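Based on the sequences and whatever the hints tell you, model everything.
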Amino acid sequence: MGAQSSDLSFLRSLAERQGVEPSDEDLEAVVGFLAGILPALAELEELLPEDAAP
Amino acid sequence: MSVAALAARLRAGELSPREAVEGYLERIEAHRGLNAYISVRAEGALAEADAAEGAAERGPLWGVPVAVKDVIDVAGERTTAASEVLRDNVASRDAAVVEGLRSAGAIVLGKLNLHEFAYGAKTTSEHFGAAHNPWATDRVCGGSSGGSGAAAAADLAAGTLGTDTAGSIRIPAAFCGVTGHRPSVGLVSNEGVVPVAWSFDTVGPIARSAEDCSLLLEAIAPEFRSEPEGGEPRVGLVTSLLAQADPRVAAVVEEAAGAFRPEQVDAPVLDHAGLIQQLMMLPEAAAAHLPWLRTRLADYGADVRARLLAGLLMPATAYPTGLRARRWLDEHVRPLFDRYDVLAAPAMPIVAPLLDEDPVAIGGRLVPYRLALIPFNSPWSCLGLPVTSVPCGFVDGLPVGLALVGRRGADATVLRVAEAFQRETDWHERRPPLLV
Numbered sequence: 005m006g007a008q009s010s011d012l013s014f015l016r017s018l019a020e021r022q023g024v025e026p027s028d029e030d031l032e033a034v035v036g037f038l039a040g041i042l043p044a045l046a047e048l049e050e051l052l053p054e055d056a057a058p
Numbered sequence: 005m006s007v008a009a010l011a012a013r014l015r016a017g018e019l020s021p022r023e024a025v026e027g028y029l030e031r032i033e034a035h036r037g038l039n040a041y042i043s044v045r046a047e048g049a050l051a052e053a054d055a056a057e058g059a060a061e062r063g064p065l066w067g068v069p070v071a072v073k074d075v076i077d078v079a080g081e082r083t084t085a086a087s088e089v090l091r092d093n094v095a096s097r098d099a100a101v102v103e104g105l106r107s108a109g110a111i112v113l114g115k116l117n118l119h120e121f122a123y124g125a126k127t128t129s130e131h132f133g134a135a136h137n138p139w140a141t142d143r144v145c146g147g148s149s150g151g152s153g154a155a156a157a158a159d160l161a162a163g164t165l166g167t168d169t170a171g172s173i174r175i176p177a178a179f180c181g182v183t184g185h186r187p188s189v190g191l192v193s194n195e196g197v198v199p200v201a202w203s204f205d206t207v208g209p210i211a212r213s214a215e216d217c218s219l220l221l222e223a224i225a226p227e228f229r230s231e232p233e234g235g236e237p238r239v240g241l242v243t244s245l246l247a248q249a250d251p252r253v254a255a256v257v258e259e260a261a262g263a264f265r266p267e268q269v270d271a272p273v274l275d276h277a278g279l280i281q282q283l284m285m286l287p288e289a290a291a292a293h294l295p296w297l298r299t300r301l302a303d304y305g306a307d308v309r310a311r312l313l314a315g316l317l318m319p320a321t322a323y324p325t326g327l328r329a330r331r332w333l334d335e336h337v338r339p340l341f342d343r344y345d346v347l348a349a350p351a352m353p354i355v356a357p358l359l360d361e362d363p364v365a366i367g368g369r370l371v372p373y374r375l376a377l378i379p380f381n382s383p384w385s386c387l388g389l390p391v392t393s394v395p396c397g398f399v400d401g402l403p404v405g406l407a408l409v410g411r412r413g414a415d416a417t418v419l420r421v422a423e424a425f426q427r428e429t430d431w432h433e434r435r436p437p438l439l440v
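Line by line, the protein sequences are chains A and W.
Under the numbering used here, read the first sequence as residues 5 to 58, first letter to last.
Under the numbering used here, read the second sequence as residues 5 to 440, first letter to last.
The set of hints was computed from the structure by calculation and includes no laboratory data.
These numbers were taken from a predicted model, which means no experiment stands behind them.
Here a beta-carbon is modelled for each residue, glycine too, at the ideal position from N, C-alpha and C.
Just to be clear, a hint being listed does not mean it is correct.
Unchecked claim - Quick list of the computed label-pair ranges, beta carbon to beta carbon:
#: 1; chain 1: W; residue 1: A306; chain 2: A; residue 2: L18; range: 16 to 26 Å
#: 2; chain 1: A; residue 1: L18; chain 2: W; residue 2: N93; range: 22 to 32 Å
#: 3; chain 1: A; residue 1: S17; chain 2: W; residue 2: L375; range: 26 to 36 Å
#: 4; chain 1: W; residue 1: S20; chain 2: A; residue 2: Q22; range: 47 to 57 Å
Following this line, the structure appears as C-alpha cells:
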C-alpha cells in the first residue's frame, strides 16, 4: 500500500526546508520507516514516568 | 597468527617486520575474493616495516601488521566509508587510534570494507561490493565492520580495528567466529573517524582472541590497562534475550555460559533499548550527514539514504524522549552490575545469513534482518557499556558468539572474563575451512 500523497507532500516540504530534495521513492521508504517507529514512540512516551528527565 | 604470538616472534627475531608484512600481503592477495579490504597500502607498509628495523624504541606491537576499518583516517590514504560520497576523500592526518597503533609499533596494512558509512549490518556496499564470510562465502560477514571481521577470521591481518555504534563490532565478530570488543563510550578517541551517531560511536578491536583485543586496546586507549587474573566472576545470564534467539543458537550460548555457573537474569526492560537508541541515533546520523544529504543525496545506497532521511524527518520530540528513556533504562540496568560483574547473552540471535537472505528465520518466525539484530545490540550500546563477543560454538558449521557485558568503564573486567573463557575453550582457535 503506497503512502498518501498528503504524507509525501508534507515530508517533502519538511525536507526541502532543510535543503534536501528527496525523490518520491525516498519518501515512500521514510513513510514506511516512520510507520514502524511512531506508534512505538507513543507507547514509550506513555510508559515513561512524568518526572523522567534526560 | 595472533597479535600476541606474532609480537613475541618479532621480538625474538624469529621473523622480521618485512617478512611479517610480506606474509600478510600474500594472504590478502590469495583471498581477494573475500573483498575484506577496500585498499591495501603494500608499498607504504613495506617501507614502514623496513623503517621499523632501525627503530630506536620498540613498542609492544613492534612490527605487527594490522588493518583498520575504512572510516578511520590514515594519513595520505583514502577514507571512503564504502560510499560513493567519499570515494576520493584522502585523509591529511592519522586518526588518534592510528597514532596509537603506530606509537605501539604496529604497521597498517590497509583499509577494511564496511557497510556504507558504518550505517548497516551487512557490509554489502553498492559501491565497493560485498565482503564475504570466510566460513561460507555465500553468507554475510555482518557489519558494519564486516571487512574487519572477515580479515580477522581469514588471517588477513594480525588484528583489526572496527567501530561500533549499534552492534558494528559485535555482529561481524559473532558471524565470523572471532573476538570483538566494543569499548565503553568515551574510552577510545573518535578523532579522525567518520561519525555515525556521536552519543554511541566507539572504535574497538576485532581480532583472534580477547588477549589480542586487550593488546590492541592498550595501544588505542591510553587509560586502559588489562586486569590481572581475578577470582571467579559473578555472571548473570540474560534469559529474556536467550528466549528471543534461534533456539539452536540459544542452546549453544547457554551451554557455553554454563562455564561461569551463572544466575538467570530476566530483564524485560531491555526490550525497549532498540527503540530508545533509534530515537537518538537516527537524528544524530542525519545531523552528521546533513551537508552531504543536501549535495550528494543520490550517491547514497538506498538503505542508508532511507535511514538518514527518516532521521531528518522524525518529529522533534523523538530525540528528547530518547534521552529521557535512556536515563530511565540506565536506572533499571545499572543495579544489575551491583549483583554481577558481567552479564552474558547471545551476541546475535542467529548465525550469518545468506547474502540475499532478508527476512531471516528465528525459531520459525520470519523477521527483517536489521530488526532481528537490534534487540541484541542496543541494550548495551544504548547505555555505552563495554561488550566482548567471543566465539562459543557452531550451528550448521557457522560460528556463534557469546556476549559478555560489563558496567560502563569496566572494559578490563569484561576482557579478563573473556580471556578466562578462552583459556578453558578453543572455539576462538577454530579456523574457517577455506584456510585449512
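- Range hint 26 to 36 Å: satisfied by the CB atoms of S17 of chain A and L375 of chain W? Since S17 of chain A and L375 of chain W have Cβ atoms about 29 Å apart, the given range 26 to 36 Å holds.
- Query: Okay, S20 of chain W versus Q22 of chain A on CB: inside 47 to 57 Å?
  - Reply: holds, 55 Å
- Query: Quick one: are L18 of chain A and N93 of chain W within 22 to 32 Å, going by C-beta?
  - Reply: Roughly 29 Å apart at Cβ, these two residues keep to the hinted range, so it holds.
- Is it true that the C-beta distance of A306 of chain W to L18 of chain A lies inside 16 to 26 Å, as the hint says? 20 Å Cβ-Cβ, so the 16 to 26 Å window holds.
The structure meets every hint from the earlier list without exception.
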